[in-house]
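Protein chains in written order, with numbering that gives the first Met the number 0: chain A, 0 to 179; chain B, 0 to 850.
Please keep in mind that the hints were generated in silico from the structure rather than gathered at the bench. Do not rely on the hints blindly, as some may be mistaken.
Sample of chain A residues lacking proximity to chain B, with all beta carbon distances greater than 10 angstroms (derived) [what the hints assert, rightly or not]: (1) N4; (2) L49; (3) E53; (4) V98; (5) E141; (6) L165.
Going by beta-carbon spacing under 8 angstroms, a handful of chain A positions derived as facing chain B [unchecked claim]: (7) A26; (8) F34; (9) A36; (10) F51; (11) A55; (12) F56; (13) Q154.
C-beta atoms are modelled at their ideal positions from N, C-alpha and C, and glycine is treated no differently.
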Amino acid sequence: MTELNCIEIPLDYSVATCSRATPFHWALLTAVQTFPAGDRPDFAAIAERLHFHEPAFLAQAWIELCDQAAVTHKNFNQAELHTKGHEALRLGYLLTSEVNTRRVTLVFGARGDRCVERREFDLIQGARLRTPPVWADALDIERVLTAMSFQMPSQMPAAGERIIELKLRWAEAHEAVATW
Amino acid sequence: MDLLFNLEAIFVRPRKLAEAISPGPLPERASIHVERSIVAGYFSTFWAQPKRIVCLRRRDYTGKKPFRYHFRPCQSVTGNPRAVDKSIGLICEYDEATRMLRAVKWEVIASRPLAELEQIFTGNISAADFHGGVLYSDTPAVKFLNALPEEAEDLSIPLSHWRDYLVWRQKLAEEKAKVRYEFSEFTVLPNGKSVRFFLKEDQVLEQVKSRFVNEELKVLPLAANTTRRPVQGAFESLKAESRHEDRPRVRAGSDHGNRQDQPRGTPEKLSLVLKFDGDQLPDFTNLDEGVLQVAMEGELSMIDVQIQGLARLSEGRAINPRLRTWLFDVGQAPVISKPAEPWSPDNAGKLNPEQLESVGKALTMEDLLLLWGPPGTGKTTVIAEICSQYTRRGLRVLVSSQANLAVTQALERLPHLPHLRPIFISSARRNENHPAQEDFIRNWFMDIRASVATAAPTEIETRWRNFVGGWERRLAAVTSDDITGNVTEVYRRCANVVGATCNETGKPDFINSKVINSRFDLAIIDEVSKATPPEMLLPMLMAQRSMLVGDHRQLPPMFRDTTFEEARENHDIPEGSIEQFREMVTTSLFERYFQEAAPSVKTGLCRQYRMHPQIMAAVNHFYADQPLVAGDEGRDLAHDKQHGLNLRSARGRAWLQTNQNLIWIDTSLDGAGIAARDATRGTSRINTVEADVCAAVVREIFQKDKDGSLEVAVISFYKAQIGLLRDRFRAAGIGQNDGFNVNRDINTVDQFQGSERDVVIVSLVRTGPRLTGEFVRDFRRINVAFSRAKKLLIVLAGRDTFAASDVTVPSARSGQNESTRVYAKIHELARLKGAAFTAADILPPTRSETR
Numbered sequence: 000m001t002e003l004n005c006i007e008i009p010l011d012y013s014v015a016t017c018s019r020a021t022p023f024h025w026a027l028l029t030a031v032q033t034f035p036a037g038d039r040p041d042f043a044a045i046a047e048r049l050h051f052h053e054p055a056f057l058a059q060a061w062i063e064l065c066d067q068a069a070v071t072h073k074n075f076n077q078a079e080l081h082t083k084g085h086e087a088l089r090l091g092y093l094l095t096s097e098v099n100t101r102r103v104t105l106v107f108g109a110r111g112d113r114c115v116e117r118r119e120f121d122l123i124q125g126a127r128l129r130t131p132p133v134w135a136d137a138l139d140i141e142r143v144l145t146a147m148s149f150q151m152p153s154q155m156p157a158a159g160e161r162i163i164e165l166k167l168r169w170a171e172a173h174e175a176v177a178t179w
Numbered sequence: 000m001d002l003l004f005n006l007e008a009i010f011v012r013p014r015k016l017a018e019a020i021s022p023g024p025l026p027e028r029a030s031i032h033v034e035r036s037i038v039a040g041y042f043s044t045f046w047a048q049p050k051r052i053v054c055l056r057r058r059d060y061t062g063k064k065p066f067r068y069h070f071r072p073c074q075s076v077t078g079n080p081r082a083v084d085k086s087i088g089l090i091c092e093y094d095e096a097t098r099m100l101r102a103v104k105w106e107v108i109a110s111r112p113l114a115e116l117e118q119i120f121t122g123n124i125s126a127a128d129f130h131g132g133v134l135y136s137d138t139p140a141v142k143f144l145n146a147l148p149e150e151a152e153d154l155s156i157p158l159s160h161w162r163d164y165l166v167w168r169q170k171l172a173e174e175k176a177k178v179r180y181e182f183s184e185f186t187v188l189p190n191g192k193s194v195r196f197f198l199k200e201d202q203v204l205e206q207v208k209s210r211f212v213n214e215e216l217k218v219l220p221l222a223a224n225t226t227r228r229p230v231q232g233a234f235e236s237l238k239a240e241s242r243h244e245d246r247p248r249v250r251a252g253s254d255h256g257n258r259q260d261q262p263r264g265t266p267e268k269l270s271l272v273l274k275f276d277g278d279q280l281p282d283f284t285n286l287d288e289g290v291l292q293v294a295m296e297g298e299l300s301m302i303d304v305q306i307q308g309l310a311r312l313s314e315g316r317a318i319n320p321r322l323r324t325w326l327f328d329v330g331q332a333p334v335i336s337k338p339a340e341p342w343s344p345d346n347a348g349k350l351n352p353e354q355l356e357s358v359g360k361a362l363t364m365e366d367l368l369l370l371w372g373p374p375g376t377g378k379t380t381v382i383a384e385i386c387s388q389y390t391r392r393g394l395r396v397l398v399s400s401q402a403n404l405a406v407t408q409a410l411e412r413l414p415h416l417p418h419l420r421p422i423f424i425s426s427a428r429r430n431e432n433h434p435a436q437e438d439f440i441r442n443w444f445m446d447i448r449a450s451v452a453t454a455a456p457t458e459i460e461t462r463w464r465n466f467v468g469g470w471e472r473r474l475a476a477v478t479s480d481d482i483t484g485n486v487t488e489v490y491r492r493c494a495n496v497v498g499a500t501c502n503e504t505g506k507p508d509f510i511n512s513k514v515i516n517s518r519f520d521l522a523i524i525d526e527v528s529k530a531t532p533p534e535m536l537l538p539m540l541m542a543q544r545s546m547l548v549g550d551h552r553q554l555p556p557m558f559r560d561t562t563f564e565e566a567r568e569n570h571d572i573p574e575g576s577i578e579q580f581r582e583m584v585t586t587s588l589f590e591r592y593f594q595e596a597a598p599s600v601k602t603g604l605c606r607q608y609r610m611h612p613q614i615m616a617a618v619n620h621f622y623a624d625q626p627l628v629a630g631d632e633g634r635d636l637a638h639d640k641q642h643g644l645n646l647r648s649a650r651g652r653a654w655l656q657t658n659q660n661l662i663w664i665d666t667s668l669d670g671a672g673i674a675a676r677d678a679t680r681g682t683s684r685i686n687t688v689e690a691d692v693c694a695a696v697v698r699e700i701f702q703k704d705k706d707g708s709l710e711v712a713v714i715s716f717y718k719a720q721i722g723l724l725r726d727r728f729r730a731a732g733i734g735q736n737d738g739f740n741v742n743r744d745i746n747t748v749d750q751f752q753g754s755e756r757d758v759v760i761v762s763l764v765r766t767g768p769r770l771t772g773e774f775v776r777d778f779r780r781i782n783v784a785f786s787r788a789k790k791l792l793i794v795l796a797g798r799d800t801f802a803a804s805d806v807t808v809p810s811a812r813s814g815q816n817e818s819t820r821v822y823a824k825i826h827e828l829a830r831l832k833g834a835a836f837t838a839a840d841i842l843p844p845t846r847s848e849t850r
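Starting from the given sequences, assemble the full structure and let the hints guide the process.
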């Protein structure tokens, strides 16, 4: 039997299916954000100023933004950004589904050098953690997903889904002992 | 006036017409009745009323009827009679007996109307298929038809000649496809990629060899009703089972004997080896016996594409309707009369006066421009500049050639500017040498970024400056995820420089493509001397203007992967048959165009930038009437083209010096002083002494060229020698760590036209007292072989064999030829620089392997 001193941390994260916001989506969203409605350069002017010279790329990208409801109006000159449009500019992705928020609890070794690499194990919860451990800042998304893939594989983002937001709730973390 | 039509023929298969007429997409399973009703509705409402119809009569080149009549409706009675683009037209034949115009085809009108040829018919029009209307065409209407001016030239004679040539090619291919040999068993060879098939009946080895060498073969099951799909493999070798080793090599009879003999011999048990592509061998389970057959589908479909091209020309479906007036009489091509508007080159500082003049003419040409460019004179640079200038003006260019290599090279040389959106179209199997679509798009993003980077700081307004700066940062982060399906689709649709082989541009998928726009303002056909006229025609049909680029002093068109002359020597073409198609199989059409065209529609380049002057001096034997000059433009070409090599032989003797750029190594004797002999292998030849010398030289070059700056190639006239050299290089691992690709960098002259390398070694193979056959004395082949090298040309050849032979070359007096000892003169150029060596200077003092 193996016994490991651990830290148990709740993780809140949001996932959604996404498509890449191409440079042309970026150009249109940025143009909508930069230039006020009614006083916006048209596709041809933007294509020239951005040096790609062919407005057809913007026309196609605009159709996609409208289909994704990233903008408020089909008329480029009148449109404003919807939340999805703002999100696309922030994330670099266009959300193509509703955002789904989930919570899982992950268990890492107390020294932070490893996670529990098992799906089934016994856990005895100890005291609530007073302060985050020194390795808390080093816990990046890659290590979080690795832990999730061992401990909660069914909660991993599905194909086509991306993690939009991820928060480790250190205030709710506990010391624990895992055995398997 | 009353005109009566019979539309029966176009109701037989109405789907495509119904699709063209219907404003929206047709249901996938629409019945034929629905399709017919759509077509009938169109004609009853649009045609079967008093209407203005634009008529045209064309001579029918198929010869069934003297004329075909083309009808296209005006948009409205009062409308502009020229506003007919994109409407449905009918092509009809007039039937005297019934006094009806029988529709034989329909067409989407796309070409420009011909104001001088089209007449407007304003009478009654009826269709016999619908109730009511007139019963026959009345006399005034028939008179109207007969009075229509005939369009352009009568193309029936020249076109039938081109058509006869294609029919001849078709028959040759069909005959080859008919040859079948049954096999009774097979074994997979230890390499896991090749299979030996044992032929059922006794066959004459030489005959089977002459039919299968260099071919792809299909392996078919014997039973015709099986569902097994044929698999395809490349012929590798052939063996008589009574002998111990594969011997597809030595042809019976003398090495230097008469090669015109038909293969002879005694039938015997044979087995042959096929090599299969891919990591896994095809599934041969349950295939106990079967048939081997030459795969000719590609060849036949290519010929069909060219036949269709002739039909499109004859039916007036060329984008430029004037093409038919000058195609067979180039003197009729409109002259270039106006000077070019001022323009700035995108290849700043790189164009010489002739190149600038060529681009200027391309910008003002009406229909045709001919550009003659000897080796290394910067044809591709001119093509790239023209593409850039055309696309700057919002125009579209088709870059085409007989082979992929010239097309991809032209696309690679385009300036990196964001207004250029190049793409390469090929329906062939994906090939490592074909540029990928994604790469074009990624490069385009990079070009935009580079252009924006210089512009961003100059934006005055803050909003724009931030926007453009952000755009540059976004482009810096472009990944393959950004090249989405939609971006790719728009890019393909908006591509303004499209590269494709001539045959590709004639395929229905290209012509009717919904993915790319297949109408062009200019078609540039590079290496035009290598294309047969029907091939050359295909891209010309797709553009308003045509520019033919080439050099008729380089290689002529190919018969499959050899020249026609070589194919005749190999018995692939019957004796005497190519003479009647001389214009098809030689460079004479381009040459004739150059002689007969008005001076304003032709231009030429003579400053070469590729070769060291010593190499240029050798090549100038083929341009005595208009010699190449070093295109220094103030630089010293002799200095720039230094190879920097000092080489020593296996015996420690110094031979190559840095100031020697044209080398001749006499291979008459091997390292031990034994006379070298070439040998026939299949229908080609090998020379093992030259293979040994070549391997030794290349190994030495790579050892000395520590920083890997020199690009090396080995070329030969003979395919079998290429095979031998590749085997030697692979076995010895020569060049494998030096970026040397055996398949790419060891090649035949014919495959190498259009390429260049720092160091080129030419293996001429032949031995004996004199040269026989035209193949090795064709000055165009020698010209191409000797003009590929930039810094160092090494000729491997028996001095006495070659120096004693005459070669017919263009003489210094324009338009005339003379017979001269070119090889001897080139050897003399090397000797004068102390650069004439022997194999013994290079090889160790041992005998070369004779096989």
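Each hint tested on the structure:
{"no.": "1", "hint": "N4", "in the structure": "holds, 41 angstroms"}
{"no.": "2", "hint": "L49", "in the structure": "violated, 5 angstroms"}
{"no.": "3", "hint": "E53", "in the structure": "violated, 5 angstroms"}
{"no.": "4", "hint": "V98", "in the structure": "holds, 20 angstroms"}
{"no.": "5", "hint": "E141", "in the structure": "holds, 18 angstroms"}
{"no.": "6", "hint": "L165", "in the structure": "holds, 20 angstroms"}
{"no.": "7", "hint": "A26", "in the structure": "holds, 6 angstroms"}
{"no.": "8", "hint": "F34", "in the structure": "holds, 7 angstroms"}
{"no.": "9", "hint": "A36", "in the structure": "violated, 14 angstroms"}
{"no.": "10", "hint": "F51", "in the structure": "holds, 5 angstroms"}
{"no.": "11", "hint": "A55", "in the structure": "holds, 5 angstroms"}
{"no.": "12", "hint": "F56", "in the structure": "holds, 5 angstroms"}
{"no.": "13", "hint": "Q154", "in the structure": "violated, 25 angstroms"}
Of the numbered hints stated above, those contradicted by the structure are hints 2, 3, 9, 13, listed in ascending order.
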